[in-house]
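Start from chain A and add chains B and C according to the hints.
Protein chains in written order, with the UniProt record's numbering: chain A, 1 to 382; chain B, 1 to 382; chain C, 1 to 382.
It is possible that some hints are incorrect.
To be verified - Stretch-level coverage of chain C by chain B, calculated; a stretch enters the list once three of its residues show a Cβ under 8 Å from a Cβ in chain B:
#1 38-46
#2 233-245
#3 300-307
Rather than coming from a laboratory, the hints here were simulated on the basis of the structure.
The beta-carbon is built from N, C-alpha and C at its ideal position, and this holds for glycine as well.
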Amino acid sequence: MSGELDLMPAGFVRAIDEMALVDHHVHGVTSHDLSRRAFEELITESDRPVPSWMTPFDSQVGHAILRHCAPVLGLDPHCTPEEYLARRARLGADEVNRLLLGAGGIGHFLVETGYRGEELLGPSGMAEVTGVPADEVVRLEAVAEQVAADGCGAGAFADRFAEALWERTRTARGLKSIAAYRCGLDFDPAPPTREEVTEAAGHWLSAGGGRLSDPVLLRHLIWTGLERGLPLQFHIGFGDPDVDLRRSDPLLLRGLIELAEPTGVPLLLLHCYPYQRHAGLLAHAYPNVFFDVGLGVSYTGARAVALVAESLEVAPFAKLLFSSDGFGPAELHHLGALLWRRAMARVLGGFVAEGEWSVEQAMRVAWMVGAENARRVYDLGG
Amino acid sequence: MSGELDLMPAGFVRAIDEMALVDHHVHGVTSHDLSRRAFEELITESDRPVPSWMTPFDSQVGHAILRHCAPVLGLDPHCTPEEYLARRARLGADEVNRLLLGAGGIGHFLVETGYRGEELLGPSGMAEVTGVPADEVVRLEAVAEQVAADGCGAGAFADRFAEALWERTRTARGLKSIAAYRCGLDFDPAPPTREEVTEAAGHWLSAGGGRLSDPVLLRHLIWTGLERGLPLQFHIGFGDPDVDLRRSDPLLLRGLIELAEPTGVPLLLLHCYPYQRHAGLLAHAYPNVFFDVGLGVSYTGARAVALVAESLEVAPFAKLLFSSDGFGPAELHHLGALLWRRAMARVLGGFVAEGEWSVEQAMRVAWMVGAENARRVYDLGG
Amino acid sequence: MSGELDLMPAGFVRAIDEMALVDHHVHGVTSHDLSRRAFEELITESDRPVPSWMTPFDSQVGHAILRHCAPVLGLDPHCTPEEYLARRARLGADEVNRLLLGAGGIGHFLVETGYRGEELLGPSGMAEVTGVPADEVVRLEAVAEQVAADGCGAGAFADRFAEALWERTRTARGLKSIAAYRCGLDFDPAPPTREEVTEAAGHWLSAGGGRLSDPVLLRHLIWTGLERGLPLQFHIGFGDPDVDLRRSDPLLLRGLIELAEPTGVPLLLLHCYPYQRHAGLLAHAYPNVFFDVGLGVSYTGARAVALVAESLEVAPFAKLLFSSDGFGPAELHHLGALLWRRAMARVLGGFVAEGEWSVEQAMRVAWMVGAENARRVYDLGG
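So here's chain A without its partners, still in its complex pose:
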């Protein structure tokens, strides 16, 4: 592979490195300093305590942090975790965020705010640190849970949710569903009736609201989201242990995709690992389906090239987007972008070196996936 990269025109690799990406699904960075334990718990998707006999630094994402983030903080690549964390602590969270987000080269952030948002920078904070635009993506379930927390009767829930959603999304660029976490994607794709919604809302609200996991209500949120008309993101595949991966295969969304087709709303399948080929097949078949391989790129580190390559098989290149899915430590935001750039350079550069693509085609596809597709789908201009 290194041989292939050497064969590429230096301008190609540099152009990918310098491209201003649209990170179409990201969370904020944490503005607090992090203990070793807190840091380690944020560089894994596992929500279990880290066992004493292991460290997440002994993983692809851990190696990638020591390789690629250490130099941004002024350390040698492949330093020890102790050296890395000591430097991180000395610089402080603000400076670390400024350095790592600055090195990421993102041109526009779409920030999903619905999960532990109070611990993280919001869109305006992200814009302030980076000096580039940051817009919001609103999580449907968070809006519904807020409606319940504010007090609401069962019969009023549907209207109240719609009002709250329109209100919360006045300036938002997109919506997100985490039905994969809450009930799995094997739900009945049809919109529930008003009566079903009222009945389900009654059960949920009388139990005090809180975490929403009723499939009828989750479907109602999705269909209300489709009416709202903003691009709709779906968590797919890889995530914390809360997700049953058997039930997060994007092929399970086929029924919903077909029913939603007449609305013209873009459906964006997020992450997708290990189902990136399934996502590509859906994006091939259905005009309203788009996908990315964020999150997986960061967590597979030196293997991100394989994941990106598998995402470039059957989907039209207009259907693939870039995201980092960074959450918490800015290392994840930086790696999401850096490893994606390296993987794209290797994969597309490989196609060129093998004589299959022209450099111009490679450059154009990198640009489509890295920025242009997201600008079109989310109507970002530029």
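Relative to the frame of chain A, chains B and C by itself:
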């Protein structure tokens, strides 16, 4: 990879390039000139109109056409879609077909005639254009739907279908089932009883026949096909949006494979993407199972090498076949063969370059997969 | 790839070649001479007679035997099957075993004795031939079937099984469940009640015992195994035709994994092909989950590098182990180790050559996966 190919004896790559392949599953080429819109709709498996903001030329198969078919039509590789389509129009469909089919280097075609066959060249037309033998593969569902169209009572359906099948297959080399499209592969594998067939035929025929999707009748077609005794092909995996990919996993055929084992009829799993490893496992376990990775090879273009590599893992090499699954524009026929040759040269050549295989072993496996296995399974002689 | 290996410090490749591995899941070698037919039937997972028109030598594992085992027996690499089998016969099983096991470089064997153990060397025999420690892994189902064979009433079964298990495992290092073969992994994960066990035992024992496939009893065996507290291995994925691969996806074990978490018992997912990414995701999410890609490494031969690479994506490196799953001919034991070493050298060496990892990181991960993790999980010392 290019380095590995350079290390290969030139004779190895040339031998793979010049091998007369048996294309054991292909459709005819279209004999009409094609508008840009018609052409674009035929180089995707999607049946939806192509959205205005994209073109299938921006996909692996699109890039492969511009890379590999353009030179056959006298253009530079990586020309623009506009240049390509203009040249194609100027040459006319007959000349395009002659050039592209000629460049494919197929030695024997097995042509499946059951889908939009009236728009395409049949076996004799394919033989005429190419100067090599072309035999027929008969689609079970098409025969059954013709029986219904010709008028038939429910009680007579089983006999009439059997008669029609024997009649239609007097010179055919194989049969094909598209149960994956019609009811999914998770059907009860046992043959239905005569009574069940009559009852199901009654419902279908009284509703006017047409598209056959009743699982009882689809099973009956398969079991009648097994009695007929010709090699039986199954659509697996990748296809147009009509197929639910969740229900086209070849592992779902395990029950049928075991029940069919005593018949000795070869079962051929077609395409298989993204389930090529599943197909390989079945081919490993069961003597009556064979598979190919056609269609996927054309549509993954520069990534076909990954697909071919995954097909060469656990299956005995006597169980893997070549097909293009070309349908319509002869570009798909040409790419199916050309990309398969390139992928085989790279993958097998890689095994040799890494010191794992001898050149003789690589050559022999290419020959088995490219021609010999199909000649044995379909009893083609040669 | 060969280019990348050339770039590696010679010491790295040599260190991986010379590392004393812990083979944490292996069966004994056969101590009998083998006819060609018997040998061929042991180098495939298929239990069907080998068809006359093919030989398992025409497969990845067949090519790997001729490439890597032939030189150990004093032949040229890539000799013919006939030459290989003639030399094997001349040397005799004892000498073949001594040569091939000696070349494998295993430092500690954990020998699973529950399948056709009477035809194979046991742990003491393996230790004698190799001169290294060999401990036992006990198959739960074999113990239960022995309890039935010794005569037992339904009401006494649970106690008798527990007694027999504790007795049989006094010096054992681990347990194994083959529920994947017997009922599939989609079983109710909760422990059955005493009444359910007695009732199910009644049905099984009154039918004469024998092959145990009742899900209630299989679950009871697993939960008794969890009480016993030894590391518990699960057959996953690839195996003989007896296994329904649809029902051997490790994601199906999620419920059991979560219920078993409080016991602290390590759960080890064996083989996993083609579900190695699924296994990696479980190992990422759950502290009690470990996995290996044994068996698949031997059977994918020159493609083992892809399998090993996919196992090194999202799992923390402390969660991955080495096994050969060798069974019968010592060729499988040798290849399991040799192909793993070559694949690890290529994959990890590739990470180094691409500038992603340091040599020290690569060396450390090879050592963790090859030996250290197993020594910690099974408390082997060293």
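List in ascending order the numbers of the hints, as given earlier, that are violated by the structure. Every hint satisfied by this model.
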